[in-house]
Amino acid sequence: MRDVAAELLDVYAKREIKPGFKFHLDREQYATFKATFPFEETDDQAMAINAVLSDMCQAKAMDRLVCGDVGFGKTEVAMRAAFVATDNGKQVAVLVPTTLLAQQHFENFRDRFANLPIRVEVLSRFKSAKEQKQILQDVADGKVDILVGTHKLLSSEIRFADLGLLIVDEEHRFGVRQKEKVKAMRADVDILTLTATPIPRTLNMAMSGMRDLSIIATPPARRLAIKTFVRQSEDSVIREAVLREIMRGGQVYFLHNQVETIDKVAADLEKLVPEARITVAHGQMRERELEKVMNDFYHQRFNLLVCTTIIETGIDVPTANTIIMDRADSLGLAQLHQLRGRVGRSHHQAYAYLLTPPPKAITKDAVKRLEAIASLEDLGAGFTLATHDLEIRGAGELLGEEQSGQIQSVGFTLYMEMLEQAVEALKSGKEPALDDLLREQTEVEMRLPALLPEEYIPDINTRLSMYKQIASVASKDELAELKVELIDRFGKLPDAALNLLAIAELKLNAMRLKVRKIEAHERGGYVEFYPNADINPVFLVKLLQSQPKLLAMDGPTKLKFTLPLVERSARIQFVADMLKNFQQNVLPAR
79 MRDVAAELLD
89 VYAKREIKPG
99 FKFHLDREQY
109 ATFKATFPFE
119 ETDDQAMAIN
129 AVLSDMCQAK
139 AMDRLVCGDV
149 GFGKTEVAMR
159 AAFVATDNGK
169 QVAVLVPTTL
179 LAQQHFENFR
189 DRFANLPIRV
199 EVLSRFKSAK
209 EQKQILQDVA
219 DGKVDILVGT
229 HKLLSSEIRF
239 ADLGLLIVDE
249 EHRFGVRQKE
259 KVKAMRADVD
269 ILTLTATPIP
279 RTLNMAMSGM
289 RDLSIIATPP
299 ARRLAIKTFV
309 RQSEDSVIRE
319 AVLREIMRGG
329 QVYFLHNQVE
339 TIDKVAADLE
349 KLVPEARITV
359 AHGQMREREL
369 EKVMNDFYHQ
379 RFNLLVCTTI
389 IETGIDVPTA
399 NTIIMDRADS
409 LGLAQLHQLR
419 GRVGRSHHQA
429 YAYLLTPPPK
439 AITKDAVKRL
449 EAIASLEDLG
459 AGFTLATHDL
469 EIRGAGELLG
479 EEQSGQIQSV
489 GFTLYMEMLE
499 QAVEALKSGK
509 EPALDDLLRE
519 QTEVEMRLPA
529 LLPEEYIPDI
539 NTRLSMYKQI
549 ASVASKDELA
559 ELKVELIDRF
569 GKLPDAALNL
579 LAIAELKLNA
589 MRLKVRKIEA
599 HERGGYVEFY
609 PNADINPVFL
619 VKLLQSQPKL
629 LAMDGPTKLK
639 FTLPLVERSA
649 RIQFVADMLK
659 NFQQNVLPAR
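For the working numbering, add 78 to where a residue sits in the sequence shown, where the first one is 1.
Just so you know, the hints here were simulated from the structure itself, not pulled from any lab data. Just so you know, not all the hints are guaranteed correct.
Below, in silico cross-link-like pairs of lysine-lysine (PhoX-like), each with a Cα-Cα straight-line distance of 20 Å or less [stated by the list, open to error]:
no., residue 1, residue 2
1, Lys585, Lys561
2, Lys554, Lys636
3, Lys205, Lys221
4, Lys592, Lys636
5, Lys636, Lys620
6, Lys595, Lys636
7, Lys138, Lys112
Produce the entire structure from the sequences given, and follow the hints as far as they go.
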């Protein structure tokens, strides 16, 4: 975690103190460009566009996340930003996760900027080595204004003459390092991120004020919500769903995410639905072949595409309005949502069927994911989904390589604290030493559900704000006040919330004693001290001698305890009593 954290903090801190480029908005030129948008802007879209333009016209580098459901007009927000950047003589990079999407974005941007002296290029595997080399040279010479590409854009061989704006599309498909490489490329470049389901870590940063957030929640006029069904996998369900779609002249995606068996599945479907014209697409096909299949499907030469999640960031096929997902229980929330968004791109009613094995074969988390996706048929559900995901998965190490995890290594507040310290260090000309930033933090893991349940505080923003307050409590009095406030505002505390507050109190006591980590579970646990803890060694020796079956040292700083602690209250009480005992036996200050 350390090196990634150090790099990230460094980049974020530099962004905070380094002035970015202040763009100038030529209102007349902009109005002309705006007038060529063939649709009517929705209110949310207009607000997002205004927020982006206002960010760009300030001296601080922009870092904005635009979260809008699939097909809600995020691309136009990006086009407007790209226009302002190129109008100021800056270059724009558009980073997308797949070659197919790069091609589609390239065509969209090229068409949108067709009447302007703006050169749009794409870097992808469809270009020959010679063509790619020429494009790279032109980019370095400043002859290319907008460059679209996959993560190739992040490689060191690409030199921009004057990069001013980076647009990242479908952020959840990139790894943490790739995303942060984007930031490290230029701490002063404006960054605009477009996503249908922001993944937890991004959402965390947006919610904790690290990045600015715009939500486009209103669908374009005449767009219908996608009807979503969770069904046990049966031939009759599949046949009915496919026939319903192809009989009305539409097309179907059948998602099967295992390349080894995909041809067999396609053959089975041919027997099951002989009326359908079937083709197969997956990521291990040769690039040209894949492009041909997708193109044929787009032009309706086939009406049933058996495919892997390669279509997740695929091209728009307006006539494809049914998606059937085989083994939907094995897909992540962002994937489920993203895939469902492949259909319903026009004003026809779209359907999504999530097929699962018998209930016994599904994990609890998978059930939660499927319930979350089925409950959110609304258009504009992406943001709500990501916050569900935040609760199912935890927030992901905010600074680490992991995209998931139970908010372990770094919580919101600590992150902000670390960032502030890093900014201070940089301002005063010192290198921010990560060890100072990660100075004696205490971790308490009680293996108990410790959270504010959704039923207790339904509003996600309020819930996150309460989490933040609990995490930043500095004394028992503050914690007691917070408890009163929770009861006052939301009623009697549920067990999970009581656990959360009890753990926060244990943490306060443990921090004073220089405890690094406490872990307690059904059969015991341990307390690990920092090497400079001030517990009286004579007291410790006596304690160990008095209860040899219960207590034992494991190395110089870890005290293990072995006893049954099944009950929630017993577990918390035991640790609280132990800390109290230690507190009474601290060495006097030297």
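Each hint tested on the structure:
1. Our distance criterion of 20 Å between C-alpha atoms is met by Lys585 and Lys561, whose separation comes to about 16 Å.
2. Taken as a hint, the Lys554 and Lys636 pair is broken in the structure, with Cα atoms around 26 Å apart against an allowance of 20 Å.
3. Under the criterion of a C-alpha separation no larger than 20 Å, the hint pairing Lys205 with Lys221 is consistent with the structure, at around 18 Å.
4. Proposed proximity of Lys592 and Lys636 is supported: the alpha carbons are some 12 Å apart, at most 20 Å.
5. For the given pair, Lys636 sits about 16 Å from Lys620 by alpha-carbon distance, which is consistent with the 20 Å threshold.
6. A distance of roughly 9 Å separates the Cα atoms of Lys595 and Lys636; the hinted pair therefore holds under the 20 Å criterion.
7. Straight-line distance between C-alpha atoms of Lys138 and Lys112 comes to about 25 Å, which puts the hinted pair past the 20 Å bound.
Comparing the model with each numbered hint stated earlier shows that hints 2, 7 do not hold.
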